[in-house]
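Participant: Two chains, each in its own frame: build the complex with the hints.
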Amino acid sequence: MINFFELPVFGFFITILSFYLAQKLKQRFNFILLNPVLISIVGIITLLLLLDINFETYNKGGEYLSFFLSPTIVALGVLFYEKYEKIKSNIKPFLAAVAIGGSISIITVTVLSILLNAPDIITRSLAAKSVTTPIAIEITKITQGIPSITAGVVIAVGIFGNAFGFETLKFLGIKSNTAIGTALGTASHGIGTARAIEIDKLAGAYSGLAMCANGLITAVITPYLVQLLISLL
Amino acid sequence: MFKSLVYIFYFLIFGEIIKYLFDIPIAGNIIAMILIFISLKLKIIKLEDVKPASDQLIKYMVLFFIPYGVGMMAFYDVLKENWIPIIFATLISTVITLYITAGIQQKLEK
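In the order they appear, the protein sequences are chains A and B.
Just so we're aligned, residue 1 is where the first sequence starts under my numbering, counting upward by one.
Just so we're aligned, residue 234 is where the second sequence starts under my numbering, counting upward by one.
For reference, chain B alone in the conformation it holds in the complex (with noise of 0.2 Å):
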């Protein structure tokens, strides 16, 4: 389990480090997940070297983003000012999301 943890903080720390060198406008923890999951993929680290950790943080994962969803708090006048086209965007594009990518998940599957 600890040892997971190391591996898991090691790429966050490397993704973090190539994000400040070369100043790509992904974040460092973005660039860490794609690199742990290239190097699964190319087996440069085994499966069970990170599972133990990772599990436990994605169990725990909805708890950890509570405190943002809080903060909306914070920004009330700014939501009250907005509703209407925060509601309507984001119902219309899921919808057409929805449609679309089913669609075509359906058209090519077989």
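Isolated chain A (complex conformation) (with noise of 0.2 Å):
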């Protein structure tokens, strides 16, 4: 039986399914909990467990999807050209925001992960956790982290910016909806994003921008960052 579940059309399928019905799921009840993605993954977690099915086995249809990640970061690319035309003014003060959060966000991550202790591997995983998971898991492979790590941890903080982000902000003494909008962007990425476009729909246009300018500042800084903070600390 275990050559069956080694066929791609396994992995691939029980992905797409458990996609589909935990969008299905979502849509009946919108509670920030039900994630899709987080539903699909402990759901998918659960069924290989209960099958006894190991993670090697599953993606041999796995990374049929995972191959698209890559040609997807390229999409990014155009994502973000085509925010960058809708906010070109005040683009300069936007930018430093982006790259001063983005920044804090790689170097406060690694220095907390190796002041509490945790092995290299972890602290190298932990780094990109604030950009959106394609370009996290890219990121990861370059610092020599565990990119599995990092997608579970990027999708919490995504969560985490989505459910608890504009109240933290507001209880901060943030008044502006467009710097919320940008933070959550910043540091949460699509899933923060989404609950910008709730607040309006010009801090949704902030956050989607800030999400893809983060992104492309963390790709480039990051190896470098995480390499330097390890080697002093």
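The hints are simulated quantities; they were obtained by calculation from the structure and are not laboratory data.
None of the values given here were measured: they were computed from a predicted structure.
Certain hints may be false.
Unchecked claim - List time: in silico DSS-like cross-link candidates among lysine-lysine, alpha-carbon distance up to 25 Å:
#1 B:Lys284 to A:Lys88
#2 B:Lys284 to A:Lys170
#3 A:Lys86 to B:Lys274
#4 B:Lys340 to A:Lys86
#5 A:Lys201 to B:Lys343
Facilitator: Written out as structure tokens, the structure is:
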């Protein structure tokens, strides 16, 4: 029977099926923890454990889907351009906020992880936690962490930003909606942006552009920053 | 649609070639992302040349990273041993990032 599960169609099929079902669930009950990606991942892991199938066997099909992450990253460049054209005015202060916020994200998570005595491999997996998942996975391959841990952490950060980001910033005294949008996109990528869109259209646009800009900035500086911080501390 | 897909993969291959030739510590697809942005900005290519395939890929983006998430199961022991630094470092860093980014944007935007 194990031979059957090694067929690529098995891993491929359960992935698209679980995502389809998770989307249906989200449509019926609009609740943040019912994030379709999170539910799909938990559902698939549960199924694999029940059937006693290991990840390698599943991934014979799963990797056909992961392959498309690469062209999707190129597509994010196109999305970045479209959003950039929309917010051309006022772009300099915005880029300053995103660049500083994005760098602070990498520095604080890396330093905290080292101070909390996490092994190197964990520190290297956390550095890109604020950017959109496909980009974060690529960064972790370069920093030599574990891309799967990055994927899990990035999704969790997105859900946190979506569920609590707005309230946290209001509590800390931030009044401007565009500032909240910028912060949500910078710190918690696309899932945070989904919340910014609910605030208002402009906040959503700032958030989307912040996600793209921070993805770019973080991709370029993280490998150097992580190496530097690990050798210093 | 098909033309735009060819364009996307053309940039992707180009990014991978640059990465391969110069051995830069940035992924080939990220180099490709930067190049396609610059090419659009300098009007070397038109938005409608790349938009159809690009929109479809982004629409299904979350589906493509599910297998990586499932991959966490292979690292159960590592996660179990290190969940405290993972959660605290990530949580504190995220709140600081949110606050500093919003603070700077709010101060500078007027």
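Participant: With reference to the structure, classify each hint as holding or not holding.
Facilitator: Each hint, compared with the structure:
no.	hint	in the structure
1	B:Lys284 to A:Lys88	holds, 20 Å
2	B:Lys284 to A:Lys170	violated, 36 Å
3	A:Lys86 to B:Lys274	holds, 13 Å
4	B:Lys340 to A:Lys86	holds, 21 Å
5	A:Lys201 to B:Lys343	holds, 19 Å
Violation of the numbered hints given earlier is confined to hint 2; every other hint is satisfied by the structure.
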